[in-house]
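Asker: Protein chains in written order, with my numbering: chain A, 1 to 469; chain B, 1 to 441.
Among the clues, some could well be false.
Unchecked claim - Covered stretches of chain B (in silico footprint by chain A; criterion: 3 or more residues with CB under 8 Å from a CB of chain A, positions within the stretch not fixed): (1) 142–150; (2) 271–280; (3) 420–428; (4) 431–440.
What the hints assert, rightly or not - A few chain B residues that don't get close to chain A, going by computed Cβ distances all over 12 Å: (5) Thr120; (6) Ile180; (7) Glu185; (8) Asn240; (9) Pro310; (10) Arg311; (11) Ala322; (12) Trp388; (13) Glu417.
To be verified - Capping the alpha-carbon separation at 25 Å, the derived lysine-lysine pairs in DSS-like fashion look like this: (14) A/Lys246 to B/Lys108; (15) A/Lys250 to B/Lys95; (16) B/Lys113 to A/Lys250; (17) A/Lys90 to A/Lys123; (18) A/Lys225 to B/Lys220; (19) A/Lys79 to A/Lys153; (20) B/Lys297 to A/Lys335; (21) A/Lys90 to B/Lys113.
By construction, these hints were calculated from the structure, which means they are not laboratory data.
Please read all numbers here as calculations on a predicted model, not as lab measurements.
A virtual CB, placed ideally from N, CA and C, is assigned to each residue, including glycine.
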Amino acid sequence: MKINSPLEAYKFLPATNCGECGEATCMAFAAHLIDRSHKLTDCKPILEEKFKKKYEELDALLAPEIREVEIGVGDKIAKIGGDDVLYRHKLTFFNQTQFAYDVTDSMDEKDLVERVNYIQDFKKFYVGNFLTVDMIAVRCTSKDPAKFAAAVKKVIETTDLPIILCSFDPAVLKAGLEASKGRNPLLYAANKDNWKEVGELALEYDVPVTLFAPDDLDMLKTLAKTFAAMGTEKLVLDPGTYPTGKQLKKTFTNFIKVRRAGIDGDREIAYPIMAVPFTAWMAHDDPVSASYWETVVASVFTIKYGDIMILHSTEPYAMLPELHIRDTIYTDPRKPVTVDPGMYKVGEPTADSPVLVTTNFALTYYTVESDIASNKIDCFLWAIDTDGIGVEAAVAGGQLTAEKIKKGIEESGFDLKKDTTHNTVVIPGLAARLQGDVEDATGANVMVGPADSGRIPGWMEKNWPPQKK
Amino acid sequence: MTKKMKLSQLSDMLQDLNVESLEGVTIEGDIELNITGGGGLNPALAYAIGSEISQISLHMANIGRILGFPAEQLFASAFGMAEAPQAGQLPTSPKIQELLASKFEVAKVDNWKNPIQEVTLGATSGDGGSRKSTVTIGGENALPYYFDAEMPHRNYVTMDVFDMPIGMAKAVKGNYEDVINDPAEWAKKVVRDFNADMVTIHLISTDPLINDTPAKEAAKVVEDVLQAVDVPIVIGGSGNPEKDPEVLEKAAEVAEGERVLLASASLNLDYERIAKAAMDYGHNVLSWTQLEINAQKELNRKLMKQCNVPRERIVMDPTTAALGYGLDYAYTNMERIRLAGLMGDDELTFPMSSGTTNAWGAREAWMVSSPLNQDSDWGPREYRGPIWEIVTGLALSLAGNDMFMMMHPTSVQVLKEITQTLYGSIESEEIDITNWIGAEV
Ligand code: B12
Ligand code: SF4
Chain A
1 MKINSPLEAY KFLPATNCGE CGEATCMAFA AHLIDRSHKL TDCKPILEEK FKKKYEELDA
61 LLAPEIREVE IGVGDKIAKI GGDDVLYRHK LTFFNQTQFA YDVTDSMDEK DLVERVNYIQ
121 DFKKFYVGNF LTVDMIAVRC TSKDPAKFAA AVKKVIETTD LPIILCSFDP AVLKAGLEAS
181 KGRNPLLYAA NKDNWKEVGE LALEYDVPVT LFAPDDLDML KTLAKTFAAM GTEKLVLDPG
241 TYPTGKQLKK TFTNFIKVRR AGIDGDREIA YPIMAVPFTA WMAHDDPVSA SYWETVVASV
301 FTIKYGDIMI LHSTEPYAML PELHIRDTIY TDPRKPVTVD PGMYKVGEPT ADSPVLVTTN
361 FALTYYTVES DIASNKIDCF LWAIDTDGIG VEAAVAGGQL TAEKIKKGIE ESGFDLKKDT
421 THNTVVIPGL AARLQGDVED ATGANVMVGP ADSGRIPGWM EKNWPPQKK
Chain B
1 MTKKMKLSQL SDMLQDLNVE SLEGVTIEGD IELNITGGGG LNPALAYAIG SEISQISLHM
61 ANIGRILGFP AEQLFASAFG MAEAPQAGQL PTSPKIQELL ASKFEVAKVD NWKNPIQEVT
121 LGATSGDGGS RKSTVTIGGE NALPYYFDAE MPHRNYVTMD VFDMPIGMAK AVKGNYEDVI
181 NDPAEWAKKV VRDFNADMVT IHLISTDPLI NDTPAKEAAK VVEDVLQAVD VPIVIGGSGN
241 PEKDPEVLEK AAEVAEGERV LLASASLNLD YERIAKAAMD YGHNVLSWTQ LEINAQKELN
301 RKLMKQCNVP RERIVMDPTT AALGYGLDYA YTNMERIRLA GLMGDDELTF PMSSGTTNAW
361 GAREAWMVSS PLNQDSDWGP REYRGPIWEI VTGLALSLAG NDMFMMMHPT SVQVLKEITQ
421 TLYGSIESEE IDITNWIGAE V
């Protein structure tokens with residue numbers, strides 16, 4: 001982004017404070033343009049013909065430093081790049097790293113379909129959503145365009161996930177492009193030898209293309225400049241991912257350099273970056289070691305500027321940490337992740353069902369809610385307003401107190417004496433020290449649940465319904 | 001004078017020109033074609049414009065002919081051909097025959113001017129201790145592993161030892177069953193078998209809510225550990241704010257001269273006593289705060305100004321939250337602390353330590369399988385746990401953390417491998433990746 005204060009953006013806005021964008025004033029809207037929480041097109045008036053020039057100027061000023069590139073089509077379309085900062089606390093990182101897992105055209109059809117299905121179905125519940133992976137990279141290992149086309153065809157029949165076509169042979173890539181028309185695949189890759197042919201394919205089929213110049217940033221920039229002149233900026237840069245030793249250190253340096261140059265304003269190199277942790281498999285024979293090392297390399301380049309990567313291991317012990325480290329880095333540090341405070345019914349609770357108390361920190365709430373729901377426990381669950389702080393920190397910091405719990409329950413119009421047969425509240429194990437206070441405040445029986453909500457099902461079996469005193 | 005006009009205006013104008021009435025017409029100034037519309041030239045637009053321009057040039061050529069200029073000869077020679085170009089074919093974009101050479105350049109960061117403090121842990125006989133070697137951390141002038149400045153010291157791992165059997169994830173426990181009742185043997189094992197650079201002895205049994213072991217008895221364990229190993233050590237209390245000062249004082253006394261790291265001084269206990277114990281017996285202090293940069297500044301300031309702890313005796317622990325359980329806070333907290341230090345905030349220029357073992361608190365690290373049946377299979381936990389600890393530590397190493405407190409031997413081994421690779425001290429066979437696509441895996 002070429003500007004960094006709301007005032008600079010404000011100058012281009014219609015200045016009518018009409019409120020159509022949902023903000024009270026154009027200035028407020030300008031602030032959201034700078035923090036990138038609104039899009040310029042959310043201001044309808046500026047789209048009118050008479051503001052055209054201002055719109056175009058502002059649009060250019062607001063464009064992220066790193067170009068945004070789209071891969072795939074429809075619901076599953078993936079955007080990569082689009083970043084403006086080197087450190088997430090300065091704003092946030094946009095467009096999380098896309099994970100592509102490989103298949104080859106030498107695989108037998110049944111295995112290929114099975115692997116693609118496993119990849120597209122993989123999911124892990126986290127904070128109210130499922131973490132999933134993103135793409136399929138089809139590697140040509142057969143050297144045969146027809147075989148490659150057949151594999152690509154099978155993949156796109158099986159999944160809507162975006163795909164990457166991997167070969168250095170233009171004839172193979174062309175066959176892949178023919179087989180995946182209309183799916184906007186990413187071409188991998190143009191290098192110093194094949195760039196002319198691959199560049200023409202990228203233009204002819206109008207698809208994004210990766211430029212591969214292993215450990216040669218001059219060549220990488222040369223390719224990028226050349227492709228831009230040829231007429232495409234839908235580029236992804238692969239500076240080469242060397243898996244071990246000093247070569248890996250050099251790879252790390254290259255990633256830092258490329259991203260820093262891009263953010264500093266060198267437009268010629270300001271494109272999304274690809275990492276290929278797959279190469280870990282070229283350094284390790286033992287699959288567990290290879291998987292581990294691949295996950296480690298993937299984590300390094302998820303944190304340091306990889307926008308898309310090609311991976312091999314689909315072991316859960318590789319995929320789970322990869323998904324979580326990506327979420328860690330791409331969570332918007334500006335917003336506390338919360339749920340609305342209040343009462344939530346899990347399943348179909350009746351007057352006999354337990355009443356559980358938790359916080360409105362999204363990570364806490366969803367962890368608890370999903371633990372209960374997936375074990376088919378019907379209950380009333382209160383998300384107490386703790387300003388989005390988890391149980392333990394909220395008890396320590398005073399956001400989760402007996403008064404808060406009382407208020408939370410009363411405000412939802414729920415009467416423990418009338419609406420339940422047991423007049424009992426279950427509090428989190430980590431809030432055990434509030435037990436007495438909550439009893440005094442609410443006049444209800446208070447039971448202390450387990451420390452981890454994953455243990456609620458077992459705890460329920462032993463402790464619910466409560467013994468009549 | 002430059003006159004801007006739209007292409008369509010120009011062609012309309014020329015279209016309307018009656019050739020017969022051209023007498024006296026002059027074309028003044030440069031005509032600049034102002035093509036509006038966002039984005040690059042798409043092929044269809046390029047084609048349309050190309051066609052317009054050609055139309056215009058034909059009109060122009062006609063004018064030229066009327067004026068007596070042999071325009072057709074010019075066309076023929078310009079295109080190097082006699083016959084007219086074929087119409088109706090989409091022109092391709094300009095063919096580029098050679099790469100357009102470009103040189104990559106990037107500047108070093110210019111506002112990292114303040115080096116991080118160096119801190120040495122452990123003391124050899126020459127320095128009044130009995131360690132065989134010492135460990136020095138800190139001294140950085142840039143973010144870890146960055147090319148802007150050489151990183152003076154690698155990362156170090158100190159492995160956890162407890163003064164009593166504690167609850168551990170199954171994958172961790174398997175490694176310590178034989179030594180779980182003997183802290184000295186436990187310490188030996190992590191150094192000898194698991195390549196620990198240092199040992200942390202946690203005196204958790206001193207907690208009044210656990211065994212309430214008297215400080216004096218706990219200090220005995222410290223002596224045993226110092227006897228058992230010759231690497232530098234960290235001494236941790238139980239975390240009980242009432243008891244810890246006393247426990248750490250006694251421990252500091254028996255370890256006199258060994259330059260241990262006392263863990264920890266924090267804002268919720270009598271940090272002055274801890275600081276004083278460190279000063280009196282020649283140790284370092286771990287300044288521990290909970291994910292809050294301003295609290296970290298406050299405690300460091302108090303240690304320096306109020307307790308007179310010299311800068312070269314302070315290490316910070318800004319708190320480690322596990323992957324998936326607050327690592328986003330912990331990572332950014334550390335990164336901000338390190339950047340602030342490098343840019344000149346002297347209250348934050350200290351090396352950092354991470355309780356990476358916290359990763360084992362994440363259910364993904366220890367549960368047999370997902371408690372949610374919608375989740376995909378989580379696979380074997382023996383592999384999930386160690387990698388959870390590795391990735392937690394690795395993320396923090398990139399945020400600037402210098403020293404790691406860890407538990408699982410595999411985690412220690414892999415974390416050391418990757419941090420030392422990025423540091424630049426791991427030699428390995430070069431691998432040619434130019435044709436990685438075809439690799440058989
Ligand atoms: C992230 C974190 C923070 C973040 C909080 C972010 C947030 N939005 O919550 C920040 C940086 C803000 C923070 C600040 C503080 N923190 Co803090 N923080 C942590 C940390 C690292 C992780 C906590 C977490 O998110 N856990 C994950 C969530 C999902 O857990 P949870 O909410 O507890 O939910 C689980 C259980 O409680 C249970 N559960 C939840 N609901 C229910 C309901 C029922 C019915 C049942 C049965 C079970 C159940 O199941 C859930 C899943 O397991 C922990 C250390 C650690 N590794 O655990 C320290 C920790 C919680 N923090 C601590 C402290 C002291 C603080 C501060 C007071 C520090 C300070 N001096 O500034 C402040 C207080 C801030 C405030 N309240 O305003 C201490 C608490 C010590 C104690 N026991 O009293 C901890 C344990 C660190 C430590 N070892 O000292 N912290
Ligand atoms: S819609 Fe546009 S003109 Fe109206 S208030 Fe918002 S920014 Fe201003």
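Asker: Mind checking the alpha carbons of lysine 246 of chain A and lysine 108 of chain B for me, to see if they're no more than 25 Å apart?
Answerer: Holds, at roughly 21 Å.
Asker: Decide, holds or violated, for the assertion that all CB atoms of chain A are farther than 12 Å from the CB of threonine 120 of chain B.
Answerer: holds (26 Å)
Asker: Hinted pair, alpha-carbon criterion (25 Å max): lysine 250 of chain A, lysine 95 of chain B. Please report holds or violated.
Answerer: violated (34 Å)
Asker: Between the alpha carbons of lysine 225 of chain A and lysine 220 of chain B, is the straight-line distance 25 Å or under?
Answerer: violated (68 Å)
Asker: Is the nearest CB of chain A more than 12 Å from the CB of glutamate 417 of chain B?
Answerer: violated (8 Å)
Asker: Measure nothing beyond the straight line between the CA atoms of lysine 297 of chain B and lysine 335 of chain A; if it is 25 Å or shorter, mark the hint as holding.
Answerer: With a Cα-Cα distance of about 24 Å, the restraint between lysine 297 of chain B and lysine 335 of chain A holds, given a limit of 25 Å.
Asker: When I compare C-beta atoms, does the region 271–280 of chain B have three or more residues closer than 8 Å to chain A?
Answerer: violated (count 0)
Asker: Establish whether the coverage given for the region 420–428 of chain B by chain A is satisfied; the threshold is a Cβ-Cβ distance below 8 Å, and no fewer than three residues must meet it.
Answerer: Per the Cβ count (7), the hint holds.
Asker: In terms of Cβ atoms, is chain A entirely out of 12 Å range of arginine 311 of chain B?
Answerer: Label holds. Min Cβ-Cβ 26 Å, cutoff 12 Å.
Asker: Examine each Cβ of chain A, and state whether all of them lie more than 12 Å from the Cβ of asparagine 240 of chain B.
Answerer: At roughly 15 Å from the nearest Cβ of chain A, asparagine 240 of chain B sits farther out than 12 Å, so the non-interface label holds.
Asker: Could you grab the alpha-carbon distance between lysine 113 of chain B and lysine 250 of chain A and see if it respects the 25 Å cut-off?
Answerer: Answer holds: lysine 113 of chain B to lysine 250 of chain A is near 24 Å, not above 25 Å.
Asker: Check whether the Cα positions of lysine 90 of chain A and lysine 123 of chain A lie no farther apart than 25 Å.
Answerer: At roughly 30 Å apart (the allowed maximum being 25 Å), lysine 123 of chain A and lysine 90 of chain A break the hint.
Comparing the model with each earlier hint shows violations of hints 2, 11, 12, 13, 15, 17, 18; every other hint is respected.
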